[in-house]
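All chains, full assembly: derive it from the sequences and hints.
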Amino acid sequence: MANLSGVRHGTLRLPFDPQSRIERRLAADSGDHFLVGVIEAGGVHEIVAHAGLMPCKRRRAHVGEVLLIVHDDHVGKGYGTAMFGALLDLADNWLGLRRLELDVNIDNHAAMRLYQRHGFEVEGTKRQDVLRDGMLIDSHIMGRLKAAPEPERSGR
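Heads up: the sequence shown begins at -3 in the working numbering, then just goes up one per residue.
Hints listed in this document are in silico derivations from the structure and should not be mistaken for laboratory results.
Heads up, a few of these hints could be off.
To be verified - Taking CB as the label site, the calculated pair distances span:
{"no.": "1", "residue 1": "Asp125", "residue 2": "Ala82", "range": "20 to 30 Å"}
{"no.": "2", "residue 1": "Asp134", "residue 2": "Val40", "range": "18 to 28 Å"}
{"no.": "3", "residue 1": "Arg109", "residue 2": "Asp85", "range": "26 to 36 Å"}
{"no.": "4", "residue 1": "Glu36", "residue 2": "Pro147", "range": "36 to 46 Å"}
{"no.": "5", "residue 1": "Glu148", "residue 2": "Lys73", "range": "30 to 40 Å"}
{"no.": "6", "residue 1": "Pro147", "residue 2": "Val118", "range": "28 to 38 Å"}
{"no.": "7", "residue 1": "Gly72", "residue 2": "Arg128", "range": "19 to 29 Å"}
{"no.": "8", "residue 1": "Asp129", "residue 2": "Ala57", "range": "31 to 41 Å"}
What the hints assert, rightly or not - Here are the simulated lysine-lysine pairs, BS3-like style, with alpha carbons at most 30 Å apart:
{"no.": "9", "residue 1": "Lys142", "residue 2": "Lys73"}
{"no.": "10", "residue 1": "Lys53", "residue 2": "Lys142"}
{"no.": "11", "residue 1": "Lys122", "residue 2": "Lys142"}
{"no.": "12", "residue 1": "Lys122", "residue 2": "Lys53"}
All C-beta atoms in this analysis are idealised placements derived from N, C-alpha and C, irrespective of residue type, glycine included.
Here you go:
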């Protein structure tokens, strides 16, 4: 899935990333969290989406970087929304992250709409940031801030 042209078009992936490299990255005990969306049709399982949450360390331990890719044949079917929602639940309610950030190519309008629906805002633009098909394109830095939860107070 990572080598599909539509996935590659919207990310920083190079063409023909070896499966072994992807498997090593997913298997590494890095503290990162990866989700895989799988559907079953006619007894066949197919990966339709992949999402990742990479918590930062030390003085940025409250920050997580997120990524999302959706299979070319399944864009617009809600799988990305479901995967992204699961990532945000993990970040907010289980890891206590207060800032999430990502980079997105400025022409990836569907992804930007998804991120904005989940509270992300464009924080800046990196000009000529990504080399794609021999052309330099801009990317946006998007972020979402979440206030720390208030402590529960008992009735005593």
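Status of each hint after checking the structure:
1. Asp125 / Ala82: 20 to 30 Å: holds (28 Å)
2. Asp134 / Val40: 18 to 28 Å: With a Cβ separation near 39 Å, Asp134 and Val40 fall outside 18 to 28 Å, so the hint is violated.
3. Arg109 / Asp85: 26 to 36 Å: violated (20 Å)
4. Glu36 / Pro147: 36 to 46 Å: Between Glu36 and Pro147, where Cβ atoms are some 43 Å apart, the hint holds.
5. Glu148 / Lys73: 30 to 40 Å: Since the Cβ atoms of Glu148 and Lys73 sit about 39 Å apart, the hinted range of 30 to 40 Å holds.
6. Pro147 / Val118: 28 to 38 Å: For Pro147 and Val118 the Cβ distance comes to about 33 Å; the hint holds.
7. Gly72 / Arg128: 19 to 29 Å: holds (21 Å)
8. Asp129 / Ala57: 31 to 41 Å: holds (37 Å)
9. Lys142 / Lys73: This hinted pair holds, its Cα atoms lying about 28 Å apart.
10. Lys53 / Lys142: Cα-Cα ~18 Å, so holds.
11. Lys122 / Lys142: holds (24 Å)
12. Lys122 / Lys53: Since the Cα atoms of Lys122 and Lys53 sit roughly 24 Å apart, the hinted pair holds (cutoff 30 Å).
Comparing the model with each earlier hint shows violations of hints 2, 3; every other hint is respected.
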